Amino acid sequence: MELLNSTKGQTWYVDFVIGLTIMTVAFIIFINSTADIIGVQQNEFTSVISDAGRISGMLLTAGYPYDWDNDSVDLVGLAENNRINSTKLFRYSLIPYDESRLYLGTRHDYFVFFQDEQGSVINLGGFCGLGKNQSSVLSAQYCSNFSLSAEHLAKEERLVIYNSTITRMVTYVWE
Amino acid sequence: MGMKGYYFSFDAFLGASIILIGVLLVSTIYSSQSETSQVTYLSRDIVSVLSELKVSEVNNSYVTTLIANGDIKNPNNSILEQIGELWAANKTDEAKYLALNFTAPYTDARHGFGIYANDQEIFATQNQKTSLISSKKIVSGIAQGKPTQGYVTKVFVSSIAGRETSKFVYFGGFEGEGNITKAFTLPSSLTIKEAYLEADASSNFTLFINGKSQGLFIVNSSQTIQPDSWSLIPSNFTSGQNAVTLNFTKGRGYIAGGYLRITYESNTSESSITYYGSAAGKSEQLPGIRGFINVYSSIFADGNISSMRIYLHYYNNKSTILTIGNITVFSSNSSGEQTIELQNSLLDSKLDYSLMSK
Numbered sequence: 001m002e003l004l005n006s007t008k009g010q011t012w013y014v015d016f017v018i019g020l021t022i023m024t025v026a027f028i029i030f031i032n033s034t035a036d037i038i039g040v041q042q043n044e045f046t047s048v049i050s051d052a053g054r055i056s057g058m059l060l061t062a063g064y065p066y067d068w069d070n071d072s073v074d075l076v077g078l079a080e081n082n083r084i085n086s087t088k089l090f091r092y093s094l095i096p097y098d099e100s101r102l103y104l105g106t107r108h109d110y111f112v113f114f115q116d117e118q119g120s121v122i123n124l125g126g127f128c129g130l131g132k133n134q135s136s137v138l139s140a141q142y143c144s145n146f147s148l149s150a151e152h153l154a155k156e157e158r159l160v161i162y163n164s165t166i167t168r169m170v171t172y173v174w175e
Numbered sequence: 176m177g178m179k180g181y182y183f184s185f186d187a188f189l190g191a192s193i194i195l196i197g198v199l200l201v202s203t204i205y206s207s208q209s210e211t212s213q214v215t216y217l218s219r220d221i222v223s224v225l226s227e228l229k230v231s232e233v234n235n236s237y238v239t240t241l242i243a244n245g246d247i248k249n250p251n252n253s254i255l256e257q258i259g260e261l262w263a264a265n266k267t268d269e270a271k272y273l274a275l276n277f278t279a280p281y282t283d284a285r286h287g288f289g290i291y292a293n294d295q296e297i298f299a300t301q302n303q304k305t306s307l308i309s310s311k312k313i314v315s316g317i318a319q320g321k322p323t324q325g326y327v328t329k330v331f332v333s334s335i336a337g338r339e340t341s342k343f344v345y346f347g348g349f350e351g352e353g354n355i356t357k358a359f360t361l362p363s364s365l366t367i368k369e370a371y372l373e374a375d376a377s378s379n380f381t382l383f384i385n386g387k388s389q390g391l392f393i394v395n396s397s398q399t400i401q402p403d404s405w406s407l408i409p410s411n412f413t414s415g416q417n418a419v420t421l422n423f424t425k426g427r428g429y430i431a432g433g434y435l436r437i438t439y440e441s442n443t444s445e446s447s448i449t450y451y452g453s454a455a456g457k458s459e460q461l462p463g464i465r466g467f468i469n470v471y472s473s474i475f476a477d478g479n480i481s482s483m484r485i486y487l488h489y490y491n492n493k494s495t496i497l498t499i500g501n502i503t504v505f506s507s508n509s510s511g512e513q514t515i516e517l518q519n520s521l522l523d524s525k526l527d528y529s530l531m532s533k
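Line order of the protein sequences matches chains V and U. The first sequence begins at 1 in our numbering and counts up one residue at a time. The second sequence begins at 176 in our numbering and counts up one residue at a time.
Take these hints with a grain of salt, some might be off.
Claimed, not checked - What follows is a set of in silico ranges between Cβ atoms, one per label pair, in the way DEER data are often shown:
1. 275/U with 50/V: 32 to 38 Å
2. 279/U with 96/V: 38 to 44 Å
3. 94/V with 243/U: 14 to 20 Å
4. 215/U with 28/V: 49 to 55 Å
5. 50/V with 193/U: 29 to 35 Å
To be verified - Listed below are several chain V residues computed to face chain U (Cβ distance under 8 Å; list not exhaustive):
6. 19
7. 20
8. 64
9. 66
10. 81
11. 157
12. 168
Unchecked claim - From the derived model, a few chain U residues whose C-beta atoms are all more than 12 Å from chain V:
13. 197
14. 213
15. 216
16. 221
17. 224
18. 271
19. 354
20. 415
21. 466
To be clear, the hints were calculated from the coordinates, so they are not data collected in a lab. All values derive from a computational prediction rather than experimental measurement. All C-beta atoms, glycine included, are put in the ideal place defined by N, C-alpha and C.
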């Protein structure tokens with residue numbers, strides 16, 4: 001009879017069920033809330049990443065029309081077979097920033113620059129890069145002390161030929 | 176009751192583990208896509224820039240050394256073609272270091288990199304592969320151990336002996352009225368096989384070939400627009416300038432269409448077309464007519480006419496009129512012997528060349 005009246009086993013079972021239920025509920029709530037947060041962030045950040053890839057890809061086309069200038073440009077493109085056309089690069093530098101975002105099809109801010117094999121930012125004939133707050137040359141040859149910082153910053157690197165040299169074209173896009 | 180605490184601690188541990196695993200899984204899935212994308216671009220770009228960049232345009236000490244050593248013979252090669260050529264010549268070390276020279280600065284420790292030809296490694300870093308992206312480019316004309324350069328034998332035909340062709344001399348739509356002389360040229364070194372005349376002549380005529388009489392030619396057909404035909408003696412024609420004269424026996428004769436065909440074998444070609452770069456020039460000779468000058472004929476240009484010039488030499492006591500396409504380009508009442516040159520500026524102002532072209 002003593003054995004039948006013992007509730008130790010039942011208590012443990014109830015504890016286990018309650019504990020499992022609490023943890024399951026907590027896990028579901030956690031996953032839901034985390035997924036929402038990540039989802040929002042991911043959507044935003046995915047868009048930024050996507051734009052970085054798209055902008056760098058578009059800049060490696062010839063653009064449209066093929067021999068576009070600042071009056072006729074529909075799509076900005078700077079290269080053919082990954083070889084940067086200096087004339088188009090110069091024309092691109094003359095396009096006002098907000099207008100250039102339209103031609104590149106992005107609502108995000110962006111900045112494009114070129115690095116040599118040592119990683120130094122190359123002077124593009126008066127500019128360190130093109131895009132938001134287009135930077136002017138900080139030293140005679142290279143754009144030293146050059147940095148960017150922003151939240152949701154996406155970076156895309158492409159290899160191009162600039163002035164007969166293999167060069168990194170770096171595109172930053174941010175929210 | 177003391178055991179309950181153990182169970183809750185275990186539950187918390189279990190729950191925390193699940194959460195941790197979940198977070199790790201989410202973060203792994205979240206970040207892996209971007210990394211793969213960057214590697215893809217890197218792979219494609221390396222192939223693209225190596226196949227675009229020419230040996231002749233790079234400023235690289237290793238390339239200079241290879242040129243000086245005679246390992247690079249064609250500076251118009253792209254870097255990728257040159258790597259392939261060195262590999263084909265079994266200079267695998269040179270191929271490897273050339274590839275390294277142009278890729279090492281752009282591939283960091285996170286990324287491995289390799290170049291393969293026909294699945295054979297030219298060079299590759301030893302990084303552990305977590306994801307592998309390949310880009311390919313066809314480099315033609317090389318195979319390992321086989322020559323990349325050789326000789327192509329071109330054969331030019333310098334002699335066309337045995338080539339049989341025919342020279343045609345046409346008697347316009349109407350040529351007369353009087354004795355008619357047609358001048359034409361045959362190539363040098365020829366063997367004439369056949370001479371044939373077909374004409375709708377107004378009456379019988381005596382035919383002269385290069386001044387030599389061929390006798391009287393009888394016109395059998397009594398119907399108009401019904402030509403007669405005759406075989407001529409081939410040996411009377413010669414290489415170079417020739418002349419055929421028809422002296423009509425009855426009044427001012429004429430020919431209302433016909434042709435003279437001379438079939439010959441020659442080792443040189445004869446063409447009435449002279450080439451000036453991308454343009455070509457062609458001369459049409461008007462017949463010599465002793466009598467009342469009346470020629471109604473045609474010209475043909477197998478292309479776009481850009482300029483024309485006309486030279487007339489005649490003796491006439493009547494008015495002389497030259498019309499082309501119903502437009503009078505020359506009219507003169509001068510009598511006696513005349514030598515007239517109508518320049519392109521005049522003809523171009525009167526004629527629409529586009530209507531006469533092709």
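What hints, given by number in increasing order, does this structure fail? 3, 4, 8, 9, 13, 14, 15, 16 and 17
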